[in-house]
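All chains, full assembly: derive it from the sequences and hints.
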Amino acid sequence: MADNDVCMVGVFSDEFMERYTKFSSFDQMKRESPMSNVKTADLFDNKRWDKFVKKTTQFDSWKEMLLKSANEQLKEDRI
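The end of the sequence shown is residue 92 by my numbering, with every number in the run present.
Worth flagging that the hints you see were computed from the coordinates, not collected in a lab.
Here the structure is a predicted model, which means the values were calculated and not measured.
Some hints could be false.
Stated by the list, open to error - Restricting the straight-line Cα-Cα distance to at most 30 Å, the calculated cross-link-like pairs of lysine-lysine (BS3-like) are: (1) Lys-52 to Lys-64; (2) Lys-68 to Lys-81; (3) Lys-76 to Lys-88; (4) Lys-68 to Lys-52; (5) Lys-68 to Lys-35; (6) Lys-52 to Lys-88; (7) Lys-88 to Lys-35; (8) Lys-76 to Lys-35; (9) Lys-81 to Lys-52.
Stated by the list, open to error - Between beta-carbon pairs, the in silico distance windows are: (10) Asp-27 to Lys-68: 16 to 24 Å; (11) Asn-50 to Val-24: 18 to 26 Å; (12) Lys-68 to Val-24: 19 to 27 Å.
Cβ atoms here follow ideal geometry from the backbone N, Cα and C, with glycine treated the same way.
Put into structure tokens, the structure is as follows:
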């Protein structure tokens, strides 16, 4: 990951990725995507990335995936 890239490791645990995607980590997902050379921050509003998310995960969009991960983390923090 480049120094100026956004770190998503804390957002998507390996357990989350294994449960909801075809990948074992977010880094693997990004590496195997058609946009592997794009900075993570540039994925936030990108239709091509949304299509990849829909094809390789249980989510219809990147936003849906982010929200699910955030909700799961909030639940874990309360326990």
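Against the structure, the hints:
no.	hint	in the structure
1	Lys-52 to Lys-64	holds (17 Å)
2	Lys-68 to Lys-81	holds (17 Å)
3	Lys-76 to Lys-88	holds (18 Å)
4	Lys-68 to Lys-52	holds (20 Å)
5	Lys-68 to Lys-35	holds (9 Å)
6	Lys-52 to Lys-88	holds (29 Å)
7	Lys-88 to Lys-35	holds (23 Å)
8	Lys-76 to Lys-35	holds (18 Å)
9	Lys-81 to Lys-52	holds (22 Å)
10	Asp-27 to Lys-68: 16 to 24 Å	holds (20 Å)
11	Asn-50 to Val-24: 18 to 26 Å	holds (20 Å)
12	Lys-68 to Val-24: 19 to 27 Å	holds (20 Å)
The structure fails none of the hints (numbered hints given earlier).
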